[in-house]
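Q: Protein chains in written order, with the UniProt record's numbering: chain A, 1 to 336; chain B, 1 to 550.
Hints are computed from structural coordinates only; laboratory data are not their basis.
Just so you know, not all the hints are guaranteed correct.
As the list claims (entries may be wrong) - Derived pair list, reagent style DMTMM-like, types lysine to aspartate or glutamate, alpha-carbon separation capped at 20 Å:
1) B:Lys140 - A:Asp175
2) B:Lys140 - A:Glu57
3) B:Lys140 - A:Asp65
4) A:Lys66 - B:Asp501
5) B:Lys89 - B:Asp501
6) B:Lys152 - A:Asp204
7) B:Lys218 - A:Glu173
8) A:Lys56 - B:Asp501
9) A:Lys56 - B:Glu468
10) B:Lys436 - A:Glu173
11) B:Lys218 - A:Asp65
12) B:Lys152 - A:Glu57
13) B:Lys224 - B:Asp501
14) B:Lys140 - A:Glu100
15) B:Lys218 - A:Glu57
16) B:Lys224 - A:Asp65
17) B:Lys224 - A:Glu57
18) B:Lys205 - A:Glu100
Unchecked claim - Per the computed footprint, the stretches of chain B lying under chain A, defined by three or more beta-carbons under 8 Å from a beta-carbon of chain A, are:
19) 214 to 221
20) 244 to 255
21) 258 to 267
22) 382 to 390
23) 424 to 433
Note that beta-carbon positions come from the ideal geometry of N, C-alpha and C, so glycine has one too.
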Amino acid sequence: MSKAYFDYAGKRLLQAIVVILLSYVFTFVVVSILPGDPITNVLNNPQNGFTPDEIKEIIAAQGLDKPISVQLWNAFSGFVTGDLGLSMRTNRPVATLIGEVLPSTLVLASAGLAVALFLAAIIAYGTQFLPRRFGQGLLRGFPSLFLSVPNFVIGLVLIHLFGFQLGVFRVIEPDSFWATLFAAIALGIPISAQIAEVLVANLDHESGQDYAAVARGRGLGRTRLFVMHLLKPSSLPVITVVALTIGELLGGSLITEAVFGRNGLGSLVQRSVSTQDLPVLQAVVSLAAVVFVVVNLIADLTYPLLDPRVKLLGTQQRRPTAADDSSLPISKAVTP
Amino acid sequence: MNDRSFHLHFSRRRLLTATSALAFAALVATAGVTPALGEDGAHDGGDVVFLIDSLGDTWIPNNSAISSFQGHIWGHVTDKLLYVDADGKVSPWIAERWEQNDNATEFTLHLKTGVTFSDGSPLDAPAVVANLDIWYAGRKSEGINPIGLFPKTYDHAEAVDATTVKVFFKKPTLGFIPTLGYHGSILISPKTLASPASAQADLGKTSGSGPYVVESWKEGDYVKLVKRQDYNWGPAAVGQTGPAHLDTITYKLVSEPSLRVAAVQSGQADVAYNASPQELESLKSEGLTVATPRYLGFVNGWAINTKLAPYDDVKVRQALQAGINRQEIVDTVYTPDWKLATSFIQSNVPGATDQSALLAYNPEKAEKLLDEAGWKKGSNGIRVKDGKPLSLTLNSNPYLATSKSIDELISQQLGKIGWKVDIRAYDVVTYGQKVKYGGAGVPAYEVTRSFIDAGTVASILTNANNGENWFALDESDKALNDLRDKIAGAGSIDARKPLLDELQKYVLDQGYFIPRTQIVQRIYVQSPKLKGEVYNGVAYASYYTATKSE
Chain A
1 MSKAYFDYAG KRLLQAIVVI LLSYVFTFVV VSILPGDPIT NVLNNPQNGF TPDEIKEIIA
61 AQGLDKPISV QLWNAFSGFV TGDLGLSMRT NRPVATLIGE VLPSTLVLAS AGLAVALFLA
121 AIIAYGTQFL PRRFGQGLLR GFPSLFLSVP NFVIGLVLIH LFGFQLGVFR VIEPDSFWAT
181 LFAAIALGIP ISAQIAEVLV ANLDHESGQD YAAVARGRGL GRTRLFVMHL LKPSSLPVIT
241 VVALTIGELL GGSLITEAVF GRNGLGSLVQ RSVSTQDLPV LQAVVSLAAV VFVVVNLIAD
301 LTYPLLDPRV KLLGTQQRRP TAADDSSLPI SKAVTP
Chain B
1 MNDRSFHLHF SRRRLLTATS ALAFAALVAT AGVTPALGED GAHDGGDVVF LIDSLGDTWI
61 PNNSAISSFQ GHIWGHVTDK LLYVDADGKV SPWIAERWEQ NDNATEFTLH LKTGVTFSDG
121 SPLDAPAVVA NLDIWYAGRK SEGINPIGLF PKTYDHAEAV DATTVKVFFK KPTLGFIPTL
181 GYHGSILISP KTLASPASAQ ADLGKTSGSG PYVVESWKEG DYVKLVKRQD YNWGPAAVGQ
241 TGPAHLDTIT YKLVSEPSLR VAAVQSGQAD VAYNASPQEL ESLKSEGLTV ATPRYLGFVN
301 GWAINTKLAP YDDVKVRQAL QAGINRQEIV DTVYTPDWKL ATSFIQSNVP GATDQSALLA
361 YNPEKAEKLL DEAGWKKGSN GIRVKDGKPL SLTLNSNPYL ATSKSIDELI SQQLGKIGWK
421 VDIRAYDVVT YGQKVKYGGA GVPAYEVTRS FIDAGTVASI LTNANNGENW FALDESDKAL
481 NDLRDKIAGA GSIDARKPLL DELQKYVLDQ GYFIPRTQIV QRIYVQSPKL KGEVYNGVAY
541 ASYYTATKSE
């Protein structure tokens with residue numbers, strides 16, 4: 001590996017750290033300037049009948065009367081040293097709360113990604129090799145269809161059909177195999193659309209190339225041609241799309257979890273947003289930022305290794321036009 | 001001894017003896033728990049799945065908001081000193097009997113013997129004192145709140161002997177006894193109470209003395225309760241004191257309302273909480289059990305801000321009282337399960353009196369009152385005085401799903417007599433922040449609120465004794481203040497009754513409180529297989545007495 005590559009990698013790593021820190025401060029400031037917090041909200045509820053003195057005392061005990069800058073510093077120094085603090089809403093450690101829900105989300109997100117990749121591969125294969133009269137054109141319309149149907153509609157249809165009508169899974173056991181599979185399908189369908197679009201466009205491009213014509217001329221079978229020759233060059237940009245999709249998997253899991261009654265990161269965020277439970281939101285947003293940045297960093301760093309034609313931007317080889325998009329944290333590496 | 005040597009040394013004869021002994025033991029054991037058939041074929045055992053829309057926030061017993069989802073779980077895991085039924089009748093529970101002095105400043109509670117918390121410690125007088133102290137004071141610096149509605153007049157309590165507790169108040173506190181049956185006043189083991197907030201927040205570490213204990217739980221997901229076999233101190237008022245019939249109750253969070261109902265319809269769950277009122281008729285016709293218990297408390301209505309013009313004018317308030325067609329609300333938004341408001345407190349509250357005459361729909365009277373107050377109808381149908389339109393801003397209560405529909409209907413009704421009504425809908429947090437009793441720009445605060453004892457009502461309405469000053473009157477209304485003081489100082493229920501009637505008449509006639517309908521805040525859609533549940537004074541379903549058929 002060249003010095004240029006290490007320069008590039010170092011610069012990207014630094015950028016990633018800055019993005020994570022900025023997202024931390026940004027979340028804190030945004031949530032802090034919103035009115036209310038779970039504690040004050042409960043205390044002010046007249047139904048609870050707290051006196052103003054009691055309210056003042058309880059709020060002081062939680063450190064909520066201190067200036068925002070002090071609160072930010074306390075939270076931030078905790079975050080850096082790995083102490084995520086206590087949830088205001090539940091009074092339980094934030095790390096415990098996240099630890100309880102993370103496995104469910106990881107299972108759903110990875111199953112959703114697997115479903116998305118599988119669907120995208122099938123659509124892509126079909127658009128290349130399905131005879132026109134068997135609906136090749138129709139297949140090309142699938143990605144836009146998938147994108148336009150909201151995730152929760154797919155979820156509700158799947159639940160009513162497979163959960164209630166056919167009894168394949170029980171809604172009250174959302175972590176069972178079948179319930180997880182259908183949740184992953186609901187989550188994976190819209191995401192497969194973007195991957196399929198990119199894959200189909202690249203396959204179209206690659207199959208028009210000379211080498212593909214030569215391969216076909218040598219009498220190579222369709223599947224062989226697809227798997228051995230077309231898939232690899234067409235898949236490279238898919239890495240970038242998949243990396244970008246991580247954010248959507250996390251976001252989409254929020255809705256999917258709510259619909260399927262799964263208790264994951266998405267549901268935790270939803271509960272924390274509705275009560276403005278700052279310590280939890282802070283930790284989850286920072287965690288999401290870390291995951292998103294790290295996944296994209298890995299994508300960016302492996303890209304040049306997989307395709308030697310990729311120019312490393314942000315190094316001495318920077319082209320004048322590349323300066324424009326150098327502020328983007330992702331997809332720095334582009335094919336020429 | 002490892003497995004292998006075990007087999008080698010285990011002779012045939014010993015094996016036979018052991019097997020027959022085991023078989024005999026099994027017989028004896030099952031004989032003890034053979035399902036006892038009840039009158040209607042009901043038997044012990046069974047598991048219930050209860051689908052709920054939220055499990056609430058924290059499990060620190062005092063910190064959960066009083067009208068909350070946690071009440072369902074606490075109701076099975078903990079007991080109370082007294083039982084209050086759906087009609088507000090107070091009866092013995094952990095306290096077998098009680099006495100009070102003449103001016104209601106000293107109370108003596110006599111406790112049942114042999115009651116234990118699930119951690120093994122006894123529920124005796126010192127345990128009750130520990131609970132009373134924390135209900136009153138909490139440990140605020142540690143993040144453990146007091147119970148907001150617990151009488152602020154509490155002085156102290158002492159354990160006279162193992163089963164006798166004496167409670168002292170600084171002022172007459174007639175409401176103390178009924179408050180002991182409120183769902184906030186739950187008895188928790190002193191060991192749990194002594195633990196730090198972070199430990200109390202873990203439901204699995206909390207010990208109560210109730211008929212069920214928490215087997216497992218996950219925040220925001222589910223709570224699974226399993227019955228206590230040795231439970232023997234249920235409230236006699238529900239007709240049962242021994243262990244519960246159902247083996248387990250699982251509260252499972254399903255946030256989508258249609259899925260909760262569909263899961264009960266398809267037999268995947270037994271109870272769906274909080275269905276939409278419009279669905280109930282068709283669910284009933286499908287054979288599902290629908291329960292809409294009312295709680296003891298205020299009706300759903302508005303506390304009017306008398307500081308804000310034009311609501312400082314009694315005629316405008318009276319016009320508002322007469323300009324609302326309450327029957328139309330019940331007919332349009334609800335089902336016949338909902339009842340017309342007959343006062344500003346629910347009709348099942350002891351001491352509530354029928355004031356329907358003051359709440360009759362009379363648009364002509366309303367128009368006449370507004371004319372008299374100087375509000376003249378303009379060309380667009382909106383009344384104007386001194387160049388200002390007659391306006392009313394409604395902040396729909398985010399806690400009550402039907403609130404906005406009612407606001408829209410009322411806006412049409414009032415529109416006909418010349419009111420310009422604006423409706424605002426905030427989310428829960430913003431609502432809590434912006435909408436307050438007597439708050440600036442809040443002419444009408446929508447009330448949904450439960451209480452046990454009507455005696456607390458008068459002091460809430462005014463600002464005496466940390467009251468909430470609902471109508472922003474401060475101390476200006478002498479008639480109301482006199483009633484408040486007389487009600488607070490009343491030494492007996494009988495002496496208080498006529499005063500409460502007078503209070504209801506006065507508040508409604510002055511147009512301080514504008515009732516909408518009696519409130520049903522908890523709606524249960526239940527499988528017909530599940531029977532025998534009991535609804536207490538705050539409309540929580542208890543499955544302690546329930547059975548489930550196959």
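Q: Hints first: check each against the structure and report whether it holds.
A: Hints versus structure:
1. B:Lys140 - A:Asp175: violated (39 Å)
2. B:Lys140 - A:Glu57: Within the cut-off at roughly 7 Å; holds.
3. B:Lys140 - A:Asp65: holds (15 Å)
4. A:Lys66 - B:Asp501: With a Cα-Cα distance of about 48 Å, the restraint between lysine 66 of chain A and aspartate 501 of chain B is violated, given a limit of 20 Å.
5. B:Lys89 - B:Asp501: Roughly 19 Å between the alpha carbons, so the hint for lysine 89 of chain B and aspartate 501 of chain B holds.
6. B:Lys152 - A:Asp204: violated (77 Å)
7. B:Lys218 - A:Glu173: The hint holds at about 13 Å.
8. A:Lys56 - B:Asp501: violated (37 Å)
9. A:Lys56 - B:Glu468: holds (17 Å)
10. B:Lys436 - A:Glu173: Given pair lysine 436 of chain B, glutamate 173 of chain A is violated - Cα atoms ~41 Å apart, limit 20 Å.
11. B:Lys218 - A:Asp65: violated (31 Å)
12. B:Lys152 - A:Glu57: Holds, at roughly 16 Å.
13. B:Lys224 - B:Asp501: Measuring from Cα to Cα gives roughly 45 Å; hence the hint is violated.
14. B:Lys140 - A:Glu100: Distance of about 28 Å is beyond 20 Å: violated.
15. B:Lys218 - A:Glu57: With a Cα-Cα distance of about 30 Å, the restraint between lysine 218 of chain B and glutamate 57 of chain A is violated, given a limit of 20 Å.
16. B:Lys224 - A:Asp65: violated (38 Å)
17. B:Lys224 - A:Glu57: Between lysine 224 of chain B and glutamate 57 of chain A the Cα gap is close to 35 Å, so the pair fails against 20 Å, i.e. violated.
18. B:Lys205 - A:Glu100: holds (17 Å)
19. 214 to 221: holds (count 4)
20. 244 to 255: This one holds; 5 residues, not fewer than the three required, reach chain A with a Cβ under 8 Å.
21. 258 to 267: holds (count 6)
22. 382 to 390: It is violated: at least three residues are needed, and the segment 382 to 390 of chain B offers just 0 whose Cβ sits closer than 8 Å to chain A.
23. 424 to 433: holds (count 6)
Of the numbered hints stated above, those contradicted by the structure are hints 1, 4, 6, 8, 10, 11, 13, 14, 15, 16, 17, 22, listed in ascending order.
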